[in-house]
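The chain contents come next:
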Amino acid sequence: MSDEALRLVGRPLPKVDAAGKVTGRTQYADDLTLPGMLHARIRRSDRPHARIVRVGTGSAAALRGVHAVLTGADLPVKYGILPVSQDERALAVDKVRYVGDPVAAVAAVDEATADEALRLIEVEYEDLPPVLSIQDALAPAHDGDRIHERAENGNVQRSFAFEFGPVDEGFQAADIIRDDIFFYGGNTHLALEPHCAIAEATPDGRVTVWSSTQVPHYLHRALARVLGLPADRIRVIATPVGGGFGGKSDIFAHEFVAAKLSMMTGRPVKAALTREESFYCHRGRHPVLMRFRLGARTDGRITALESTTYLDGGAFGGHGVASTLYTGALQTTTYQVPAYRFRGLRVFTNKPACGPKRGHGTVQPRFALEVQMDKLAVDLRISPAELRRRQLVEEHSRTVNWLRITSCGLRECLDRVVEASDFERKWGNLPPGRGIGLACSAFVSGSAEAVYRNEGPHTSVRLEVDRSGGVTAFCGETDIGQGSDTVLATCVAEVLGLSPGDIRLVTADTDLTPVGLGSYSSRVTFMMGNAAIEAATKVRDVLFRAAALKLAAAPGTLVAADGRIAAGEAAISLAEAAAEAEARWGPVSETGSYTPPDLAGPYRGSGVGPSPAYSYSACAVEVEVDPETGILTVDRVWVAHDGGRVINPVLAEGQIEGSVYMGLGEALMEEQAFRKQGLHRGPSLLDYKSPTALEMPPVEVITVQAVDPEGPFGAKEAGQGPLLPVPPAVCNAIYDAVGVRIDEVPVTPQKILRALERHRTGDEPRVGPGSVPEAPFRPAIRVQPPPDAPTLDMALTAAKEALCSGFPPSNTSGRARCGRRPTCWRPATGLPWPSPAGATCSRR
Amino acid sequence: MATEQSVSRAERLVLHLTVNGQTADVLAPACATLLEVLREDLGLTGTKHGCELGECGLCTVLVDGIPLYACLQLAVEMEGREIVTVEGLADGTRLAPLQEAFREVGAVQCGYCTPGMLMSATHLLATVPRPSEGQIRQALSGNLCRCTGYAKIVAAVSLAAHRMGGEDG
Chain A
1264 MSDEALRLVG RPLPKVDAAG KVTGRTQYAD DLTLPGMLHA RIRRSDRPHA RIVRVGTGSA
1324 AALRGVHAVL TGADLPVKYG ILPVSQDERA LAVDKVRYVG DPVAAVAAVD EATADEALRL
1384 IEVEYEDLPP VLSIQDALAP AHDGDRIHER AENGNVQRSF AFEFGPVDEG FQAADIIRDD
1444 IFFYGGNTHL ALEPHCAIAE ATPDGRVTVW SSTQVPHYLH RALARVLGLP ADRIRVIATP
1504 VGGGFGGKSD IFAHEFVAAK LSMMTGRPVK AALTREESFY CHRGRHPVLM RFRLGARTDG
1564 RITALESTTY LDGGAFGGHG VASTLYTGAL QTTTYQVPAY RFRGLRVFTN KPACGPKRGH
1624 GTVQPRFALE VQMDKLAVDL RISPAELRRR QLVEEHSRTV NWLRITSCGL RECLDRVVEA
1684 SDFERKWGNL PPGRGIGLAC SAFVSGSAEA VYRNEGPHTS VRLEVDRSGG VTAFCGETDI
1744 GQGSDTVLAT CVAEVLGLSP GDIRLVTADT DLTPVGLGSY SSRVTFMMGN AAIEAATKVR
1804 DVLFRAAALK LAAAPGTLVA ADGRIAAGEA AISLAEAAAE AEARWGPVSE TGSYTPPDLA
1864 GPYRGSGVGP SPAYSYSACA VEVEVDPETG ILTVDRVWVA HDGGRVINPV LAEGQIEGSV
1924 YMGLGEALME EQAFRKQGLH RGPSLLDYKS PTALEMPPVE VITVQAVDPE GPFGAKEAGQ
1984 GPLLPVPPAV CNAIYDAVGV RIDEVPVTPQ KILRALERHR TGDEPRVGPG SVPEAPFRPA
2044 IRVQPPPDAP TLDMALTAAK EALCSGFPPS NTSGRARCGR RPTCWRPATG LPWPSPAGAT
2104 CSRR
Chain B
1407 MATEQSVSRA ERLVLHLTVN GQTADVLAPA CATLLEVLRE DLGLTGTKHG CELGECGLCT
1467 VLVDGIPLYA CLQLAVEMEG REIVTVEGLA DGTRLAPLQE AFREVGAVQC GYCTPGMLMS
1527 ATHLLATVPR PSEGQIRQAL SGNLCRCTGY AKIVAAVSLA AHRMGGEDG
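First to last, the sequence lines map onto chains A and B. If you read the first sequence in this note's numbering, its first letter stands for residue 1264, the second for the next number, and so on. If you read the second sequence in this note's numbering, its first letter stands for residue 1407, the second for the next number, and so on.
Any given hint could be a false lead.
[Said to hold, decoys possible] Reference excerpt, derived from the structure (chain A facing chain B, CB under 10 Å, subset only): (1) 1275; (2) 1454; (3) 1744; (4) 1919; (5) 1924; (6) 1940; (7) 1944; (8) 1955.
Since the hints were made in silico from the structure, they are not lab data. No experiment lies behind these values; they were computed from the predicted model shown. By construction, the Cβ of each residue, glycine as well, lies at the ideal position given by its N, Cα and C atoms.
Extracted from the complex, chain A is given alone in its bound form (with noise of 0.2 Å):
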């Protein structure tokens, strides 16, 4: 449809959820009470590593109001939600990995009494020694401290490793390798709804379970594969979600312990955790330590890329086997790499498992290389947007690593961010203690790749149309408040000439609707919009040929709007025409489906990283830095977001805004930190600090619409992409402010008034890890490049006139410069201006 076609697409219409939000009569996993209904606490380990010896539940079972107990030996299946890492299970059987991994479960009349019983239940344990970090999981296994008994080799999970195109030769023909380490701590989602699932067995032999779930699906089959049922037996219900970021993309104790209490009991069961709880139960953002090695040109052509990623997972696999590979997979999608190589492991620790969040993977090595792009630029007296520039990817291009890149607005972002923020001017002449960064990213439109292999279809949709017009939609994917329900409505109205709020909507219901994999890898807009698009379509000519008999018009002739289906002048009512055609030929009921094309490369590991689409972000961020107490402060953040057609323009705002937050939070202060016994250092809202209203800054939203030619109306994705750049543009900007690079995430005060010092006392003006462990990777799988990706001959022969005027190229070590201002590229007159880290010169 061209724009001019379009009704509600693009409009800024109301979210169809909206109204219940905001009266409160949206019933949330918490808010729902069944008769008799039951409540189980958790008994969690308080090791973080130890073998269980005995769990004695006699007196728990006996207390007054106490209705079943139930321990590992109940739910002995394992699971997981992808099927390489099947190890986890629902109640801990022979050790506990982590503080907090569930080993009983109560059902009781209320919760105090549940809680009294987790009390009367005695553990046994044998420490073990713990493992908590990534050099530890690095050292020699000794059997005692193996976390898992199937891991690649001692603690690391899984490694990988592939070289794409002649990465040595690249690195041979840089004129500058910049070489340097990273580290991004972790950090949680904190959804301010804890997880909560509710279940209810029946005598018939049914199960349902609602829970706060994005993944109602995966959750589907794993209760089916741990209870022992038939998945037709199950029906899951995902509820309202009162906030997931990916937080709740993974399958938890909890739903498997209400589902089995029920089983035993009787009587619904709800799980309900706390907030405490909801800390450990985590999967979030990894840690990730990074070693970058970037080779370039004196015109800053890259020549070649190496980035080796360690991965700090947690107690368990999770989604970690992609959150290991998305560490390695997007650093090609938004300058042209024609040599890349990347090393990736994860090791298992004894804490709480991470997992998917908002970015899921692509955060940690986005934040890497942004800031070495910044430190290439001030390398190269270089302006960090036109370094940029030179080189992104083009539209319909593939890259190097066989990702397909379809439509691309990163060059208008780029160009707007640095135009409304006024970046040329800005970058390095703000006075001092004040400066200005600058990153680009891109994310995926949702995997091509489902977690399991099937065959079947991403998502469906199935519409229903009755003779009084009424429309019902029915489509298996989750709300978690991006707004995927309104996202579904509009694109149905739009093509049947209705508006969002006549349609019904069924969603998130196992028995009820067709598969949808769940809200997570930014998946929902682009492969459920084209589903109800194909459903929508399907329907309309159906009611058109209907319609077309009782106008006595061509089909071909007639158009949808306003409830009505017109030839010309004349028209009918939509319900006339569903009256008409279910006289006809039977209800009206139609289906689409969204099935991704095949984009995997021809290699093993191929499977993450591909998307249907790919969207563009660009970001500046304009700091204060107080050089007496490290504060930073953000004043302003221009953010320019390519998701494609924008089908609702509130809608992405709101998720670029919230991306923008979240990237900000993670930058500045959230963290999710352990302490030596594998204890959290503050599962509270107070402890574990997060922006409030007043810290969050003013935020410039730039809607940049690359029309996607396979989005629905040309849409993409906006609900993660937009954080990537975040955090990386706020640390160079601290550079931009006060000279000193700060290469690890949380920035903190402390971190800004340390590398102050370093600074004033001459050394190396940088905080951040000063080195990478030994580790087994194994040898590189070496990949052919796609025949249309970035060669090393179009980096060498790139035009000089492209070279920028103001900052010619010259020997970059152990140059000098004036001292107060980092980027100044004056002639020397000042202190000599320590030589960048880990820059080697190898000019020819």
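Fit chain B to the known structure of chain A by using the hints.
Coordinates of chain B only, in the frame set by chain A:
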């Protein structure tokens, strides 16, 4: 209230509460919080529970017009006081101006913080009819939101103030 015997032997008291203009008698233990009584005894589940420690602001309600965290109030202390929850804001099916503004400008994403935000904002507009952006942010600083970055929430409060015709304050 559990009909079966619980381990809890806490004495139960009859509490006379006034919530959203209605009086209600509730049998609850002396240790019950206002949040527990609202959600579990009165079925007013619009008020959310997020930490039960006074940290997140989800359970903000108005007590005699003042926004308080219901998780930190003992229900027994609420007798004789006017309690207003999110369920008490709309006039029948007609949304209050703040609710309408939240709906319209996209201040609601997952919606879990929304009831508490609305109560804090209701208090603000009752006391400062035309608040500055700084005043709005200050008034909402005890209510966390993880979805919106607060931008559209601040905009919604501002819009509601404008529509309610408040004088510049």
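What hint numbers does the structure not satisfy?
Hints 6, 7 not satisfied by this model.
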